[in-house]
Amino acid sequence: MPDWATVKRQLPVGKTPEHKARRKELWDQFNVTGTKHLALFEVDAGIQKVLQCEELFDAKPAIRRAFAYAKDINPKGPKDALEFCEFRLLLVFLQNLFDIYELFKE
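Numbering (the numbering used here), first residue to last: -15 to 90.
There may be inaccurate statements among the hints.
[Unchecked claim] Here are the simulated DSS-like pairs of lysine-lysine, each with C-alpha atoms no more than 25 Å apart in a straight line:
id, residue 1, residue 2
1, LYS20, LYS44
2, LYS33, LYS44
3, LYS63, LYS44
4, LYS20, LYS63
5, LYS63, LYS89
6, LYS20, LYS8
7, LYS60, LYS89
8, LYS4, LYS(-8)
9, LYS33, LYS4
10, LYS(-8), LYS8
11, LYS60, LYS(-8)
12, LYS33, LYS89
13, LYS20, LYS60
14, LYS(-8), LYS33
15, LYS(-1), LYS60
16, LYS4, LYS89
17, LYS33, LYS20
If you are wondering where the hints come from, they were derived from the structure by calculation, not from laboratory data.
Please put together the full structure from these sequences, using the hints given.
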């Protein structure tokens, strides 16, 4: 299983066409229901099964906060799920909030 440092470097958070294509692939892997929205349980499952990063999966407060911040960016979007346009921000927030979580968890 990859560690957090490896996963963090591989997250497609850039605005390049390559990163957008990789985000779309990641979105499709996370989106087990096949809808146009991503629920929190799908993010949780994707972190565990797709990214295979137990360190991040165990950091539920960081995941929940990143999810909340990302979905709040788009006031017209659903209140309990993410749209693809918010997915990049979820990844950015995960990167940063997990680092903060690690600093304060002990």
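Structure-based check of all given hints:
Between the alpha carbons of LYS20 and LYS44 the distance comes to roughly 24 Å, so the proposed pair stays at or under 25 Å and holds. Between LYS33 and LYS44, the direct Cα distance comes to roughly 15 Å. Compliance with the 25 Å bound is thereby established for this hinted pair. With a C-alpha separation of about 19 Å, the suggested pair LYS63 and LYS44 falls inside the 25 Å cut-off, and the hint holds. For the hint pairing LYS20 with LYS63, the CA-to-CA distance comes to about 14 Å; that is within 25 Å, so the pair holds.
Our distance criterion of 25 Å between C-alpha atoms is broken by LYS63 and LYS89, whose separation comes to about 29 Å. As the CA atoms of LYS20 and LYS8 are separated by approximately 12 Å, the hinted pair is consistent with the 25 Å bound. Distance hint between LYS60 and LYS89 is unfulfilled; the C-alpha atoms sit about 34 Å from each other, more than 25 Å. Taking the CA atoms of LYS4 and LYS(-8), the gap is near 16 Å; set against the 25 Å cutoff, the hint holds.
Using a Cα cut-off of 25 Å, the hinted pair LYS33 and LYS4 holds, with the two alpha carbons roughly 21 Å apart. Straight-line distance between C-alpha atoms of LYS(-8) and LYS8 comes to about 17 Å, which keeps the hinted pair within the 25 Å bound. For the given pair, LYS60 sits about 29 Å from LYS(-8) by alpha-carbon distance, which is inconsistent with the 25 Å threshold. Under the criterion of a C-alpha separation no larger than 25 Å, the hint pairing LYS33 with LYS89 is consistent with the structure, at around 23 Å.
For the hint linking LYS20 to LYS60, the alpha-carbon distance of about 14 Å falls within 25 Å, and the restraint holds. About 16 Å separates the Cα atoms of LYS(-8) and LYS33, which keeps this hinted pair within 25 Å; it holds. Of the supplied pair hints, the one linking LYS(-1) and LYS60 holds, its CA atoms being roughly 22 Å apart against a limit of 25 Å. In summary, the hint linking LYS4 to LYS89 is not supported, as the alpha carbons are separated by about 32 Å, beyond the 25 Å threshold.
Restraint check for LYS33 and LYS20: the C-alpha separation of about 20 Å stays at or below 25 Å, so the hint holds.
In terms of the numbered hints stated before, the structure departs from hints 5, 7, 11 and 16, listed from lowest to highest.
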